[in-house]
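Q: The numbers in my numbering rise by one with no breaks, and the one at position 259 of the sequence shown is 271.
Among the clues, some could well be false.
With a straight-line cut-off of 27 Å between C-alpha atoms, the simulated DSSO-like cross-links for lysine-lysine are [as the list claims (entries may be wrong)]: (1) Lys284 with Lys312; (2) Lys183 with Lys144; (3) Lys183 with Lys33; (4) Lys130 with Lys144; (5) Lys130 with Lys18; (6) Lys33 with Lys18; (7) Lys312 with Lys336; (8) Lys284 with Lys345; (9) Lys139 with Lys33; (10) Lys18 with Lys190; (11) Lys284 with Lys139; (12) Lys33 with Lys284; (13) Lys183 with Lys18; (14) Lys183 with Lys284; (15) Lys144 with Lys16; (16) Lys284 with Lys343; (17) Lys33 with Lys190; (18) Lys18 with Lys139; (19) Lys284 with Lys336; (20) Lys16 with Lys190.
No wet-lab data here; the hints were simulated from the structure.
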Amino acid sequence: MEVKSKDVWVFVETNEDGSAKNAGIELLSPGRELADGQGGRLCALIIGSDVHQAVNDADIHGADVIYVIDGEEYRDYTTDAYAMAVCHAAERFGPTTMIFGATPNGRDLAPRVACRLKTGLTADCTKLAIDKETGNVAWTRPAFGGNLMATILCPDHRPQLGTVRPSVFQKPEETGLKAEVVNIDFYVTSDQIRTEILEVIKDVADEIVDLESAEIIVSGGRGVGGPEGFAPLEELCRALGATLGASRAAVDSGWISHSHQVGQTGKTVGPKLYIACGISGAIQHAAGISGADVIVAVNKDPEANIFTFSDYGIVGDLFEVVPKLTEEINKRKNS
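Given these sequences and hints, build the entire structure.
A: Right, here's the structure in full:
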């Protein structure tokens, strides 16, 4: 694809009511750094039906330009319609970089766009930067089962494409600047869409366990010892108004459902407070909680890796420490 600008594009997904999903708005933060580093503009690409609210969301959070493809055929996400629309816009305006959220739709859409534009794609990134030597985007993601972090460059093909896990970055602050809005007329016929959505069934468990939006999360790992080991953590959650999370080890052991899993193969979270109980701190888990403001670790092993990236650490048996924390919190709430 011919590059016509140094602009960085962020694909902003929309909700049923036409507002922007958090995953896209969050990406305006690293998008701004990449755009400034490459000497281009930060652009949002919004596709949907009646997306006025999403346009406003991208506007107030700092986009320089907002490209909009609005039509009834885009009300529900379909691979064919969205892939054709994104590729049409990209080929017309030629951005140098495109960022997608690593959501179910983003993970479906981004590789199809990359293939059609004959470029590469780095998936499930947790960090973005500009490589000082080459000027390329440095895409960092977990590799080899999450046992190390790899940084990947795409020096020969454009645009540079990547997906970024939700909640890794914070939403940018609202600005008083006004974005330029560019409406793109691109119509997709029903014959070009090879699938038909008959019914949308939402996963009830995922609705209840809203880890990605939680401000406080209390998670348990292998150290809880079994399903019953989550009981004191649930008490602490009730005291704090927190959401219960878990490590991969606890989920793989069958102690708690996958909808609670935090980490590379679960959900990436960015709460104000994350309390890890009996979690060793494997790199897969560390990648999933890198967006947390404050991390508190409770582990009886003083050499546990989680202490290396926690803000506060408590060395002790979680079955002694957690009830005391709960008791103290309830006491202060009632005083």
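Q: State for each hint whether it applies.
A: To see whether the hints hold, each was checked on the structure:
Simply put, Lys284 and Lys312 have alpha-carbon atoms about 24 Å apart, close enough for the 27 Å limit, and the pair holds. Pair hint Lys183 plus Lys144 holds up; C-alpha atoms about 25 Å apart against a cutoff of 27 Å. Restraint check for Lys183 and Lys33: the C-alpha separation of about 11 Å stays at or below 27 Å, so the hint holds. Only pairs whose Cα atoms come within 27 Å are accepted, and Lys130 paired with Lys144 is accepted, the gap being roughly 25 Å.
Under the criterion of a C-alpha separation no larger than 27 Å, the hint pairing Lys130 with Lys18 is consistent with the structure, at around 18 Å. At most 27 Å may separate the alpha-carbon atoms for a hinted pair to count; Lys33 and Lys18 meet this at roughly 25 Å. Between the alpha carbons of Lys312 and Lys336 the distance comes to roughly 15 Å, so the proposed pair stays at or under 27 Å and holds. At most 27 Å may separate the alpha-carbon atoms for a hinted pair to count; Lys284 and Lys345 meet this at roughly 19 Å.
Taken as a hint, the Lys139 and Lys33 pair is honoured in the structure, with Cα atoms around 20 Å apart against an allowance of 27 Å. Proximity of Lys18 to Lys190 is assessed by CA-CA distance (about 20 Å); at most 27 Å being required, the pair is judged to hold. For the hint linking Lys284 to Lys139, the alpha-carbon distance of about 19 Å falls within 27 Å, and the restraint holds. Proposed proximity of Lys33 and Lys284 is supported: the alpha carbons are some 20 Å apart, at most 27 Å.
At most 27 Å may separate the alpha-carbon atoms for a hinted pair to count; Lys183 and Lys18 meet this at roughly 23 Å. For a cut-off of 27 Å, the pair hint linking Lys183 to Lys284 stands: about 13 Å separates their Cα positions. At roughly 22 Å between alpha-carbon atoms, Lys144 and Lys16 fall within 27 Å of each other, so this suggested pair holds. Restraint check for Lys284 and Lys343: the C-alpha separation of about 22 Å stays at or below 27 Å, so the hint holds.
Between Lys33 and Lys190 the alpha-carbon distance is near 20 Å, which keeps this suggested pair within the 27 Å criterion. For a cut-off of 27 Å, the pair hint linking Lys18 to Lys139 stands: about 20 Å separates their Cα positions. The hinted pair formed by Lys284 and Lys336 meets the criterion: a straight-line CA distance of about 21 Å does not exceed 27 Å. For the hint pairing Lys16 with Lys190, the CA-to-CA distance comes to about 23 Å; that is within 27 Å, so the pair holds.
Of the numbered hints given earlier, the model fails none.
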